[in-house]
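**Student:** Dock chain B against chain A, hints included.
So the protein sequences, as listed, match chains A and B. Heads up: the first sequence begins at 1 in my numbering, then just goes up one per residue. Heads up: the second sequence begins at 1 in my numbering, then just goes up one per residue.
It is possible that some hints are incorrect.
[What the hints assert, rightly or not] Cut-off 27 Å, straight-line C-alpha distance, at most; resulting in silico cross-link-like pairs (DSSO-like, lysine-lysine): (1) Lys-370/A / Lys-240/B; (2) Lys-370/A / Lys-33/B; (3) Lys-153/B / Lys-163/B; (4) Lys-33/B / Lys-283/A; (5) Lys-153/B / Lys-333/A.
[Stated by the list, open to error] Chain A residues, not near chain B, derived (Cβ > 10 Å throughout): (6) Lys-19; (7) Phe-25; (8) Tyr-83; (9) Ser-118; (10) Val-294; (11) Val-364.
Since the hints were made in silico from the structure, they are not lab data. Don't be surprised by glycine CBs; every beta carbon is placed ideally from N, CA and C.
This is what each chain is made of:
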Amino acid sequence: MLARVGEELRSFWPVQMFKIIILAFIPYSIQFAFQSPSYFHVRLGSMFWTWYSTGMPVLTDLNSINPWTAITNLLVVAGPSLYFCYRLRAMSAEESPSRLAAATMVVSLICLVLVSYSYWFVPGGWASDSMYYQSLQGFVTVLLVLFVFIPTLQRVSSKRLPRRLTQSNKHTPNRLYSRIAGFAPRNISKLMVLAALILPYGVGLFVDPNNFILSFSSPLVGSTSISYYYHYLLRTMDKPFSIALFFQLGSMAAGFLMLGVLGLQVLFAHETLRYLEDRITQKRVTLVGVILLVFLVLVSVLNGVGVNLGLAGGAFIPFPVSVFIGLWLIKKKDQLLLEGETELTRPELSTLQEQEVIIPIIYVLESRLKRRFRRYKS
Amino acid sequence: MNSVKSIVERMDSDELIRLARQLNVSLTERKMKRGLLVETIQGELEEYYREGIPWKKTRLSDLAIQISGLTKKFGKTVAVRGLNLAVRPGQIVGLVGPNGAGKTTTLRILAGIIRPTEGTVQVNGFDMNVHPLKAKQRLGYIPERPTCYPNLKVREYLTFIAKIYRVPPIDATLRMKEYVDLFQLNGLLNAYIGTLSKGNLQRTLLVGIFVRPPPYILALDEPIYGLDPRGAWNLKLLLKKLRDEGSAILVSTHILEVAEGICDRFIIMNEGDVVGKGTLEELLEQTPNAHTIEEIFLELTGGIPDA
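Chain A extracted, bound-state conformation:
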């Protein structure tokens, strides 16, 4: 037992903790302000430090959150993803991690909400550093994408997609297609997810890198900022409550819109992969793509009339990169003919016989009941 724990400590945990520490130091929250030719400032914020420049000497400092609080928050929000990684490693190739991944995402978001609102419960607590909370959301996003979403899609898709795509000889050779065909299929899932989660948010009238790092947690940006604002109002009462409410409701609606955008992006990436695996029809995946496109147009229009997506940067047009990538893959599927050996190829029979089969719980219960009933009758 102790030896096993020692082995785990040596192999699994240090590597994961190292990754988490790196992620904790990457800046997620970035603010630019160009108020006049003579004054500008740039702020970068990670989980543990902020960087502040006004064109004068650069200031780097620990952020205003107590370091112990920051470490505790970090462990709370990273815990579910770490647990997922640990369980995924122990799973056999036949088990699907999808349910566990979904549960991890839900638990992570609940942890994020709890951490974001925790200052409410501290006497005299005050959300003094909104940059820290934005960084926290960015951190959870990147963590979920890297630790949960991509490994899950890789596991699920690599079972069915061939290891390598080979170009169909029915079509004239094309250098671009040959290159893409040589691209390992598991990378397609990464590409689709990254495109779905990051790229489409890149274009705004004001270039704001915050728009690049958006997330599952984005809908929470609106609601968390509501809490900051009410907190502020309660303390100062310097603005009419109704005006504040109007803006905050707009922010909340934007949060739900963002949830729709994100959900549809991820669904489209997932459906595209399923289409490449021949598991759904072209009609279905195209329909999801078109719905996504319509939704993106709707969001742009709403944004134009003032429903800000809870993001910095003002007017903001989501650029449908993942739709274009997906529709291109769908159109060119025949030219990128999927052939080759999949990872579903059977292992040796002798090793197969040693594997354990998990019998569905309902079946086990039925069998036990029947056995008892037979005994009772006899």
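**Tutor:** For chain B alone, coordinates are given in the frame of chain A:
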């Protein structure tokens, strides 16, 4: 019985559990070694087939396919004229001819898709016009341009076919596994039929036929066309095996190597008429200038062109 046991050994966990349910095997532990589960199921199957495998006892009528005086006209065009043909159990007969010879029309009439203008078609002793359901029950037909329900998954289609042909669920599960493995459809069981390529659709339809118990009466229209070399090789081997087990097979093709490789007898058609029939040796006697099936074909369908 050994073949049944080896099918069980190749099954994955889900398939084993499905079969265990069908056999009503009592499994009271949540986790179980695969080897033990396989052995338990094999034991139950031995009990299930204690009185022998039922389809091994089935026999076909002496004339599995009998076409007499068949003529089909489309307006003034005569597609088939006065065709007489018989296929007995244990025979593969090749219907050979150039494009437009009337092969597909013959097979469509045989399958009961279109009616003949004159003549009769009997399948396993049942007239297709009088007892179409009984005739179709034994017949397996693969059209030249395969079509199928696009919104069904491959697995759903195969299960559906097994149900409408009243194949007992245990037999259906075993046969499905055997032929899905043979035609390498494992990765496509959850794919929608509408997404399949022509070759994969053809394989699916073939498995749909073989889910039913043998012996078969098969009418295959260009069955090799569309299959990859491995699929074609497997199908040729399978057709020979089925013939040896007592099935009657009528294959239409214009690929002469295929016909030569698998057929026992040939019927050569040209513009709706039968221009030659018999075994390869008999046809060689009829056409003294020809030395191969290709030359026989050319001689009978317009003469061998000059070099």
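**Student:** So, against the hints stated earlier in the document, which numbers end up violated here?
**Tutor:** 1, 4, 11
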